[in-house]
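**Q** Protein chains in written order, with UniProt numbering: chain A, 1 to 389; chain G, 1 to 380.
Hints listed in this document are in silico derivations from the structure and should not be mistaken for laboratory results.
Take the hints with a grain of salt, since some may be wrong.
[Unchecked claim] Below, computed lysine-lysine pairings styled on DSS-like, alpha-carbon distance capped at 30 Å: (1) A/Lys329 with G/Lys100; (2) G/Lys112 with A/Lys348; (3) G/Lys77 with A/Lys73.
[To be verified] Okay, the calculated beta carbon distance ranges per label pair: (4) G/Thr46 with A/Glu59: 28 to 36 Å; (5) G/Leu370 with A/Arg220: 47 to 55 Å; (6) A/Ser359 with G/Met310: 27 to 35 Å; (7) A/Gly353 with G/Thr46: 34 to 42 Å; (8) A/Glu58 with G/Ala90: 24 to 32 Å.
The structure presented is a predicted model; accordingly, all values stated were derived computationally and were not measured.
Glycine included, each C-beta is placed from N, C-alpha and C at the ideal position.
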Amino acid sequence: MPVFKLCMKIIRKNWLSISLYIVIFLAIAITISMSTMSEQKKSSSFSQEKAKIALISEEKTPLTEGFRQELAKSSDFVKLPDRTEALQDALFFRNVTYILRIPKGFTEDVLSGGSMQMEKTVVPNSTENAYVDINVNQYWNLARIYAKHEPGASQQQLVKQLKTNLSGSTPVTIRAHERAITSNSFSMYYFNFLAYALSAVLIMGISTVMIVVNKRDLSRRNFCSPLKASSINAQLILANLLFATASWVILVVFCFFLDSKSFATQNMTFFLINSAIFTACVASLSYLIGNLMKNLNAMSAVCNVLTLGPCFISGVFVPQEFLNDTVLKIASFTPTYWYVQANARIAKLTQFGWSDLSSIIYSMAILLVFAVAFAALSLVIGKRRRLTN
Amino acid sequence: MFTHIFIYRFKCLIRDRQLVFWTLLFPILLGTFFYMAFSNLNNEETFKPIDAAVVNDSAYQQDSQLRMVMQSVSKGKDRLFNLKTASNQAEADNWLKQDKIDGYYTSGEEIKLTVKETGISQSIMKSFVDQYRTSSSAVTNIAKKNPKALQNGLLKDVGEQRSYTKEVSGGSAEPNNVLNYFYSLIAMACLYGSFWGMKEVTDIQADITDRAARVNMAPVHKLEAFLAGSCAALIILFVEIMILLAYLQFGLNISFGQRTGYVLLTALIGSVLGISFGAFIGAVIKAGEGLKIACLIVVTNLGSFLAGMMYMNMKYLIATYVPPLAWLNPVNLLTDAFYALYYYDSLHRYALNMGMMVLFIIFFCAGTYLIVRRRKYASI
């Protein structure tokens, strides 16, 4: 199979740049998946959300200390140097979402019923702002009431009373619905990122091969040979398929190492099927690009735009629920959108009946249609090109 | 002679369509993608009234106090809840299952909260009812010890919830963290300009390209030829960055703060930095063109990554834990300059960034000059 061998030779020559892509993607995919994942907590009991607060106190009284302890129930304190820029930086990058400054003389003022206020710097109108406000105001309102109606009490007694008053908590029941192991797991994020890695590697690899093989002199030479055109085509397709399968296997194997817990689930089967279909789809897209383009130099430009674009708008980097509807509408014209959508649904599967699977199968069917369309188009274009050449 | 070389270098450079793509079209496309992907992120953070429900059973009917409080926090523009009343628990459960509500309250001896998962909305619901519970137990406590308090307006005092915080803004600008993506994108575009600088240097070294051999034949001082070419490259890059800035500002509504003059100055310094960096790498690395390009791409992309272009918090992490790296990363310096202009009222940090960039420029230019100067070619 000389044509097949030729393709393998071209791939081997470009192996370094292609594998470089794989390494970079893996590094990025792993860091980002891990950081996104750590934000999702999986617990069956209710735990109060903690806001990240910087508390700067210009006075130290028993009440402010008691306040600090009570606030710790609903917040994590972040230690920051008391410099405007450091505080502003932390707020911008959301290292804290609420900066609270207790001014000097605040305790005295509250106890005597004054109207002094603490200064807060927040992300305007944010949810965390509303959350912390409730807890902050609760403490000082209670302090005010106790101070007014039990005037004899010392600050220490007040703190004690507040502490007993604020102890105990509202009982919370979680109506836990059965949750899949893969829901919000590393695997889900990994398979989403796979869309990026696979697109880049396949477009890079397959299109490079096709551009080289389609070079005028080379293809003329090939068609001089006593090989049937159909055989040449079959060998080309075979080589590209082999390359696509190999890339898919390599990338999937890494997932196995990194999240073996999810690998044993039934959801994983569907992840694998979905990504395999996506691989086929991108492979035929790359085949099409390879047939359309003539210039190797423009390759990386096309590769970057075609991989980054759909990934950004289809929810690979930013989950689909955070994208606005217009963007999603546009994205639905790309296969990546359907792939990511199917992934998100697969991750949440707990039952595998027809009604649970139908929407997933629908997305996969659309992916397949894309694959067939790209393949048909590239065969037509390839044929026309040979005739005009 | 200077103008002559300048014009022809300009023509020569601008016809390199690939470079124009990477330095102009690619950042514009990437900016558009960023805009599409991130435009909704800030809305996610904004507080929206929580969809809550309360089970309307006999206990709730009797608890007029609770009913009143519930109604008062579910009214008006600054309301906490979008409150629904469920006729029984089954209905509330059903709503919960269908994600119509985040949680529901059941009154009784003790108010209970039922939710589906842990989250910030649920925590707010819990804090709210905690507050209600502690206030009523405060009334009981005080009244037990001091029965007169009730006549002294205790209930009125409890009902009057004061706000003990007032919002002061840290600076004149909002902490809109999505902006950092766009700032680092501009920085990346400036550093991609290094390709122009590298092209200039390779086209002046006669042992590398034919064109350089031809240029060296001419009776022009090498420095003059190089400066003319670099000026052409700089003008092209600066115009490209201007187009990008204009697109971001007017097309995508990305804010750069009020100080337009400084923003333009930063763009200019960024362009010079990009060109001089490319020239330096082009001069230092003697091996093939592939290695030079790889070097530029790696430095630019790694720099952009560390400046938070792919993962925003990276910039903060680096600045907090490895500050020297932040000061040595040209992409971060540029990003930080734009950030400081937008976010800080004082120009102190901006000036530091600009100073550091100028140092880099001097270093790159001096290095390039020392390597390229006085090189003579006896035969090629």
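**Q** Need the list of violated hint numbers for this structure, in ascending order.
**A** When the structure is compared with the hints, only number 8 turns out to be violated.
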